[in-house]
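Q: Using the sequences and the hints given, assemble the complete structure.
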Amino acid sequence: MNKPGRGPLVLVVALWSACVVSALAVVSVTQQVRRNIDELESLRRESAELQVQWGQYLLEQSTWASYSRVEAKARRELNMHVPQVEQIILIDKEP
Amino acid sequence: MQHLTLKSWRLYSVVLAMLVLAALLIWRIASLQVLPDTDRGYQFLQGQGDARTIRTEPISAYRGVITDRNGEPLAVSTPVESIWANPQILLQNPKDWGRLAQALGWKKAELESRLTRYSGKEFVYLERHLPPQEAAAIIGLGVDGVYTQREYRRYYPAGEVAAHIVGMTDIDDRGQEGMELAYDAWLAGESGAKQVLKDLRGRTVKELGLIQSARSGRPLALSIDLRLQYLAHRELKKAVQEFGAKAGSVVVLDVRTGEVLAMVNQPSYNPNDRTSIHPASLRNRALTDVFEPGSTMKPLAVLAALESGKFHPYSVIDTTPGYVQVGRKTLLDPVNYGELDLTRIIAKSSQVGMTKMALAMEPNLIRDMYYRLGLGQGTGTGFPGEAVGVLPSYTKWKPIQRATYAFGYGLNLTVLQLAHAYAVLASDGEQRPVSLLRNEEEPVAGQKIVDSEYTSAVMKMLRKVVSMQGTGSRAKVEAYPVAGKTGTAHKADAGGYADNRYIGSFVGVAPADHPDIVVAVMIDEPNDSKYHGGQVAAPVFSSVTEGALRLLQEPPRSAPNRLTVRKREPGDQVVGVTL
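If you read the sequences in order, they're chains A and B. Going by this note's numbering, the first sequence opens with residue 1, and the numbers climb by one from there. Going by this note's numbering, the second sequence opens with residue 96, and the numbers climb by one from there.
Note that these hints are calculated values from the structure, not bench results. Glycine residues also receive a C-beta, built at the ideal position from the N, C-alpha and C atoms. One or more hints might be untrue.
[What the hints assert, rightly or not] Quick look at which bits of chain B chain A covers, simulated, 3 or more residues with Cβ under 8 Å: (1) 172-186; (2) 298-308.
[Said to hold, decoys possible] Just a few of them, taken from the derived set where beta-carbon distance is under 10 Å, the chain B residues facing chain A: (3) Ser155; (4) Tyr157; (5) Pro168; (6) Val291; (7) Arg645; (8) Pro651.
A: So, in structure tokens, the structure goes:
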């Protein structure tokens, strides 16, 4: 039997370490994925939260800016009125 | 080697024993990990593991927002919390009841009786639709067997202004009235659920799969313009109060698209406060209630007369002596008008003139015209409970039936149908379907159903109604020419018509020279002293039309002050300071 050369040994060591490296990479990627999913989840939660807030602000805005309230304020507090026909100046565009 | 062989049996037995033990171990491992039926085997272990990590997460979905044509919100859902309890658990710790009842704002006895009433159940609502902060305070007490559930509550920012057309939902967020009901499937969201893997700290680390996908409700844009809606609501409410009327409706229709720009009724209700709703105020009367129109039908009968070829706008009918006998009935004019042409018959709303005209025509022509204009037919809005109206047809027409048809008795319709019929007059004989939803593609193609020669003749007559000599002089609008017709109808009662109960109406088109809108006003049972359509409904028409045209940015026709602008040219002298 010939004395075994160093070639096969090197190959085995290389393959083994490649295997270990790839296994560690799988672990790290999995960890990364989990982190990203968690982030995605919290962003989704935030988006739902913001959606709710948007709805509430929409309601608030339309309550404050309701036509009856605006009209009452304009008439009583600002003393405004609808212009009479004599007060309207119609500006025609020259053809 | 002798000493080895001597004791080799001992060695072998030890090795054998070790092997057997190892085999037993491997068997145990294999049975736990591989064989399915082992007690506390892999199924049990997997279950325990899953129970600690796999969670089902709800995916929330909202009910769609309802807006007006400009995107103003009319119905919005926001989350609220409902508190529920499991009586089985809660009944076991009576010491917590005091705290819980206090937090709920109840008496302890109330809570106790509620729990004992539902003692056989595992679910009972304690309080529904609390603001999230209040619910958090109650859950914060840490009472066993008390939980919250997220629900959605519908808010209606426009309140009673748009209550009838928008409708409302019930406590479980399902459509109950109006467009909320008609488009429930479109608006409703469907919440979903998914399975996720969570780690020790509650972070989601893996999505395992979707159990049910969520579908958010889609938004709905109505055809109404909230500004016009508010204006119509305000004016109608004022008129109904002023005249002590039982009810009233206003419909504003866009002539060019057939969209309903405003639809209001009195009495109305506040959809945000369900405790004070009276069933009678829930009805969208403009769509669900029919009435006998009376004189507002006369221009449409004249339209049929013109089309028959027997009459033209200057045809003269002698109405002397101011009454006419048809069968056993005597039909009266207020005074003897003498000889009238068709225009003045409409302007004066002469009963005698209309009767003579109708009796000179083929019996079916007037009914056919009404039918073509949409009376006795659904308008196709899809609104729940919409009335179709009654437009009887006879094989053998009695003279009285022919006469009453011509001045709007013996048939009934909704306020929307009335506006829809007049929209044909306003758009040169073209008919467009009525829509309660915003039309996405403009313009809407109309279907020609009457020759424009006849409609423009009738429009001319309708302008006379609003003049000083006509019955509708109070419908005048300062800045724009308008055209329209008054109607005053006795209400039908058991065994005939009531002498002292009326419906006053006015339907008109504005601006008359280039129509944008049709406005129909109906006032139900105004008090005895003022009940004519020209007195109760025409002023509402006037103020709604004036405001609506201004809001629609229609330039006033009769502005006394005009300026003309043109581009600056090289020779111009600049006098003042320009910005």
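Q: Can we keep the tyrosine 157 of chain B interface hint, with Cβ of chain A closer than 10 Å?
A: holds, 7 Å
Q: Are there three or more residues in the region 298-308 of chain B whose C-beta lies within less than 8 Å of some C-beta in chain A?
A: holds (count 5)
Q: Have a go at the valine 291 of chain B hint: is there a Cβ in chain A nearer than 10 Å to its own Cβ?
A: holds, 8 Å
Q: A closest beta-carbon separation below 10 Å is what the hint needs, so does proline 651 of chain B meet it against chain A?
A: holds, 6 Å
Q: For the region 172-186 of chain B, does the count of residues with a C-beta closer than 8 Å to a C-beta of chain A reach 3?
A: holds (count 3)
Q: Would you settle whether the hint for serine 155 of chain B is holds or violated, based on the nearest Cβ-Cβ distance to chain A being less than 10 Å?
A: It holds, given that the least Cβ distance between serine 155 of chain B and chain A is near 6 Å, below 10 Å.
Q: Once the shortest beta carbon distance from arginine 645 of chain B to chain A is found, is it less than 10 Å?
A: This interface hint holds because 8 Å falls under the 10 Å limit.
Q: Going by Cβ atoms only, is proline 168 of chain B closer than 10 Å to chain A?
A: holds, 5 Å
The structure meets every hint from the earlier list without exception.
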